[in-house]
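One line per chain: the protein sequences are A and B, in this order. Each step along the first sequence adds one to the number in my numbering, with nothing skipped, and position 168 is 170. Each step along the second sequence adds one to the number in my numbering, with nothing skipped, and position 33 is 35.
It is possible that part of the hints are untrue.
Remember, identical chains collapse to one label, so a pair may be satisfied in a single copy or spanning two.
Said to hold, decoys possible - Simulated crosslink set (DSBU-like; lysine-lysine; CA at most 30 Å straight-line): (1) LYS147 / LYS7; (2) LYS80 / LYS185; (3) LYS80 / LYS131; (4) LYS137 / LYS80; (5) LYS242 / LYS83; (6) LYS143 / LYS7; (7) LYS7 / LYS137; (8) LYS242 / LYS7.
Treat the hints as calculated values from the structure; they're not laboratory data.
Number of protein chains: 2
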Amino acid sequence: MANRKVCIVGVGKIAVDQHVPAIDASPDWELAATVSRKGSVEGIPTFRDFDVLLSERPDIEVISLCLPPQPRFQYARKALKAGRHVMLEKPPGQTLSEVHDLQRLAEEAGVTLFATWHSRMGKGVAGAKAFLAGKEVTGGKITWKEDVRHWHPGQEWVFEPGGLGVFDPGINALSILTEILPKPVHVTRAELDFPDGRQTPIAARVEFSRGVTMELDWLQTGPQTWDMEIHTTEGSAVLKFGGNELWIDGQQQPAAEIEEYPALYARMADLVENGRSDVDLSPLTHVADAMTLGRRNVVAPFAF
Amino acid sequence: MANRKVCIVGVGKIAVDQHVPAIDASPDWELAATVSRKGSVEGIPTFRDFDVLLSERPDIEVISLCLPPQPRFQYARKALKAGRHVMLEKPPGQTLSEVHDLQRLAEEAGVTLFATWHSRMGKGVAGAKAFLAGKEVTGGKITWKEDVRHWHPGQEWVFEPGGLGVFDPGINALSILTEILPKPVHVTRAELDFPDGRQTPIAARVEFSRGVTMELDWLQTGPQTWDMEIHTTEGSAVLKFGGNELWIDGQQQPAAEIEEYPALYARMADLVENGRSDVDLSPLTHVADAMTLGRRNVVAPFAF
């Protein structure tokens, strides 16, 4: 099979750090163009206007959207209406209903829509899911603490409506949780800390059914923490490093070999090949539920 | 067919004003008991403890939950696990995921779950839906302005997390909108006014795709407004009085005869008879999207 041509839209940190190397290393894919206001990738044609890309490059069959969530819908809509397969960075949209609309457009166009959750491809996630299958969950604890200034330097959009705030990393934890639990949970209580004058939270404490709790903090300097432990009546699974290391009952487990983003592009190749889509909104549903149900505190102002 | 026995849980304003008269007037139903901390219905056995009701009255096959949304899940869960059919007042829960969980429980128990939206039974709604079918929507305007002190006297829960604030009435408009539109819309922008120190909004302005706008205000004294207009390339539909009066291109249309709550109980009888459920979460999804995406303003404090 010839390489499939893909265009990256939005050449920012995540595209440069993850998407471009994953595509370069893949036997399935060829980075054929980028669309970006300012960024570019050396040696790859860059378009400033997405409409021009769509009309001039009918040979590119897949669009990978790496933009912030706020403008993503309009790009995805255009790509789907132009008959292209679409890969969405997480979160797949700024609202649930806009992604429902994208699902309908993809069905009408007969193309693949893949709402990616890179953390689900963490090297320990499949092992955790296999361990938990059929077991009775008695509780769990998610601790996700990182430094927004390091991971989102100057990215004001994360504090704008639709940017999700600390749920931008937190949704990675939720994408793992919803993947590995044998039965789903729902938010029962949430407390959200909004920096004075900002529109999204910088910290959150969320309680779910089945005794699962989540603590999110975006002001963690020094060591960063992306840990999850799930307890059952037959032992515990602990995921460290954002799902990339699995411990069961205190024993470290063998890890998958493939990295997160190469795994996403391999999955996309498979979805396109088989004419299927993969859109699971359960992580975003938990965020919307926490934002709807959450008790709001105003905390100290934040500046990058 | 003998009357089906129903138990109302939560004997508050909505139960007394709507549910009890609808059941009394129905050929299908018999109000066999109530569960309430303080309220009761004359001549009907009252239980203070829901567990006692479930264990002592196996003859009651349907539970109608008229509680505020915050405690509703726990009651619904118990009822479904006890093999009873369940009818939920709107909104069906305080989060989307908890209703997903109820759907699974209902399926497991093989019983009916009906998430009611009484405004969908407004006398002009079916006519508006029939008119709009297959037409191209060019815009629309929802104006929902009422006096919270009149409709929710002293009900502090509406301003507590999960109470939805002005979206408690606004979700009625959304339940109509999602019923009548030929193609769905999604929230593109929202502005929410939170009274100082309160956890839910008292006013909101929401923009949807397809040019639909919504204005919600909970401080309207004097005449109350529950109006919706939908414009298409082939004329306009206007619903007044919360969906109960339909005008098409300036001409008033004949109205359905049955009132909202009698229509809900007739529908529930049909669902139970046919072993089906009816749970449409699209109105609550729009609220969650607005709460996630909305820009927040703090406005004057509110007291009942």
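Going down the list of hints, with the structure as the test:
1. LYS147 / LYS7: Neither: 37 Å inside a chain and 52 Å across chains, both beyond 30 Å.
2. LYS80 / LYS185: Classified as between; 18 Å across copies, 36 Å inside a copy.
3. LYS80 / LYS131: between (36 Å within a copy, 29 Å between copies)
4. LYS137 / LYS80: between (44 Å within a copy, 22 Å between copies)
5. LYS242 / LYS83: The answer is neither: 40 Å in one copy and 36 Å across copies each exceed 30 Å.
6. LYS143 / LYS7: Answer is neither: 41 Å inside a copy and 43 Å across each miss the 30 Å cutoff.
7. LYS7 / LYS137: neither (42 Å within a copy, 38 Å between copies)
8. LYS242 / LYS7: neither (35 Å within a copy, 53 Å between copies)
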